Amino acid sequence: MYTTDLSGKDKKQPAPQTVEDPALLAAFEARVANDEFIEPKDWMPEAYRRTLVRQISQHAHSEIVGMLPEGNWITRAPSLRRKAILLAKVQDEGGHGLYLYSAAETLGTSREQMIEALHSGKAKYSTIFNYPTLTWADIGAIGWLVDGAAIMNQVPLQRTSYGPYARAMVRVCKEESFHQRQGYELTMALCAGSKEQKRMAQDALNRWWWPSLMMFGPPDDKSPNTEQSIRWRIKRETNDELRQKFVDVTVPQAEAIGLTVPDAALRWNEARGHYDFGEIDWEEFYAVVRGEGQVAKERMQARVKAWEDGAWVRDAAAAHAAKRAAAKIAAE
Amino acid sequence: MKDWPLWEVFIRTKGGLSHRHAGSVHAADAKMALEHARDTYTRRMEGVSLWVLPSAQIVSSDPADAGPLFEPAEDKIYRHPTFYSIPDHVKHI
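Respectively, the protein sequence lines represent chains A and B. Here numbering that gives the first Met the number 0 is used: position 68 in the first sequence is 67, and no number is missing along the way. Here numbering that gives the first Met the number 0 is used: position 6 in the second sequence is 5, and no number is missing along the way.
Chain A extracted, bound-state conformation (with noise of 0.2 Å):
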């Protein structure tokens, strides 16, 4: 799973300036030009740990709550064969969570700091994770498109400059394109069988198309942070580079098992030697951004009450290792 870019949303809050030593500054712009690694310890400008904290903090709520719209459909898979699968699935997306969460800690944030803002509504997560999942079809659709549409945004994350989210890149990328093919294979299988799996196919193709490519964020022009996060190496390619390829990757998967995809204005461009698609709903993606998404509330609850069902459990054990602890002294 990815996060969705929502640089450039903050107006409410202009970033507080800092006035970083021109040295040191420039010395950083250097090793940064140059492809290299910055580390935890390494000096580095605010506001390249303020976007990095923002950034891989959001990453890893959408992780999280990404569980969520998977996690529902788990008692329900239609074989133990698709359940194991879609259980270690989602296994696999509270591991990204923690991957990630331990990387944004190494740039000075907490954990505690990080879940407080995200259940507060503080924190945002990506927008795809607010649409509901209907039918069994949707979790094929999930992993083919979400999941493909993450693909796309971390692959180049993994040369990212700030070392710790890049090596945790590694590790997701790995695991991630299980997670495609399964939902591919999935879809595959629902348009081989009866006309109304097939229709079914056809149907969550339709809802989760154009949030897909929503994943993506805003367009180039209208994402003023990403010029100053491609000098940083902090992004490596544009939102819309970045669509584009998942558009023109995406697009003869769906035809090669007879799925249309629901855009009128798709087609083959021969000069670009790119497809040409419609406008996105734009209004409607901000809509999602400002939390208005259609199941935003009951995903962000149903995160809330499982952190607060499982208080006990993390009071218990913080009070056995505390026990511990104490007789291990007495007997020394």
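Hints should not be assumed to be uniformly reliable.
[Said to hold, decoys possible] With a Cα cut of at most 27 Å, we get these calculated DSSO-like pairs of lysine-lysine: (1) A:K327 - B:K30; (2) A:K304 - B:K1; (3) A:K322 - B:K90; (4) B:K75 - A:K322; (5) B:K90 - A:K40; (6) A:K121 - B:K1.
[Unchecked claim] Some, not all, of what chain B presents toward chain A, calculated at C-beta under 7 Å: (7) D2; (8) H20; (9) S23; (10) A27; (11) D28; (12) A65; (13) G66.
[Said to hold, decoys possible] Have a look at the derived ranges for each label pair, beta carbon to beta carbon: (14) B:R42 - A:E38: 22 to 28 Å; (15) B:P53 - A:Q227: 34 to 40 Å; (16) B:R42 - A:R80: 15 to 21 Å; (17) B:R42 - A:A316: 20 to 26 Å; (18) B:H88 - A:R235: 27 to 33 Å; (19) B:E45 - A:D280: 17 to 23 Å; (20) B:D38 - A:R180: 22 to 28 Å; (21) A:R80 - B:H91: 24 to 30 Å; (22) B:R42 - A:A321: 40 to 46 Å; (23) A:P131 - B:A55: 55 to 61 Å; (24) B:L68 - A:N71: 49 to 55 Å; (25) B:E45 - A:P44: 31 to 37 Å; (26) B:D38 - A:H118: 18 to 24 Å; (27) A:L86 - B:E45: 16 to 22 Å.
Keep in mind the hints are simulated off the structure, nothing from the lab. Everything numeric in this text was worked out from a predicted model, so none of it was measured. Think of the CB as a built atom: it goes at the ideal place given N, C-alpha and C, for glycine as much as any other residue.
Go by the hints and put chain B onto chain A.
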């Protein structure tokens, strides 16, 4: 809520190789750290052995000292075998 302490995780991928840093986990104690490391970092047969140790126990060098620490080795090229020229007809050296 206060975060559980942070632990660094090291994995031996197979016998004969050394443990290598994989990432970190939060855990209340060492036993739980091992369990979390197993669940988080070895879901695909990545290892045969795990080490976890409290992150706070790691002592590391300061990047600002990288020059004084590591640069002195740069001009000691006589520490490398290629520094020495030996005639071609002399073998096994």
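**Item:** Cβ distance range 22 to 28 Å for D38 (chain B) and R180 (chain A), holds or violated
**Value:** holds, 23 Å
**Prompt:** Is the distance from the Cβ of P53 (chain B) to the Cβ of Q227 (chain A) consistent with 34 to 40 Å?
**Reply:** Taking Cβ atoms as reference, P53 (chain B) and Q227 (chain A) lie about 37 Å apart, which means the hint holds.
**Item:** Outcome for the supplied range 16 to 22 Å, where the beta carbon pair is L86 (chain A) and E45 (chain B)
**Value:** holds, 19 Å
**Prompt:** Is the hint on D2 (chain B) kept, meaning its closest Cβ partner in chain A is under 7 Å away?
**Reply:** holds, 5 Å
**Asked** Is it true that the CA of K75 (chain B) sits at most 27 Å from the CA of K322 (chain A)?
**Response** Violated: K75 (chain B) and K322 (chain A) sit about 54 Å apart, past 27 Å.
**Item:** Given hint K1 (chain B) paired with K304 (chain A) - CA-CA distance at most 27 Å
**Value:** Given that 27 Å is the threshold and the Cα spacing comes to 18 Å, the pair holds.
**Asked** Does H20 (chain B) pass the interface hint, meaning its C-beta sits closer than 7 Å to a C-beta of chain A?
**Response** Constraint on H20 (chain B) not satisfied, violated at 9 Å.
**Item:** Hinted contact D28 (chain B) with chain A - closest CB pair below 7 Å
**Value:** Check passed: Cβ of D28 (chain B) comes within 4 Å of chain A, closer than 7 Å.
**Request:** Would you check whether A65 (chain B) satisfies its interface hint, that is, whether its CB is within less than 7 Å of any CB in chain A?
**Result:** violated, 9 Å
**Message:** 24 to 30 Å was suggested as the range; check whether the CB atoms of R80 (chain A) and H91 (chain B) agree with it.
**Reply:** violated, 59 Å
**Asked** Are R42 (chain B) and E38 (chain A) spaced within 22 to 28 Å by their CB atoms?
**Response** Holds, at about 26 Å.
**Request:** Evaluate the given range 40 to 46 Å for the C-beta pair formed by R42 (chain B) and A321 (chain A).
**Result:** This hint is violated: roughly 30 Å between Cβ atoms.
Comparing the model with each earlier hint shows violations of hints 3, 4, 5, 8, 12, 13, 18, 19, 21, 22 and 23; every other hint is respected.
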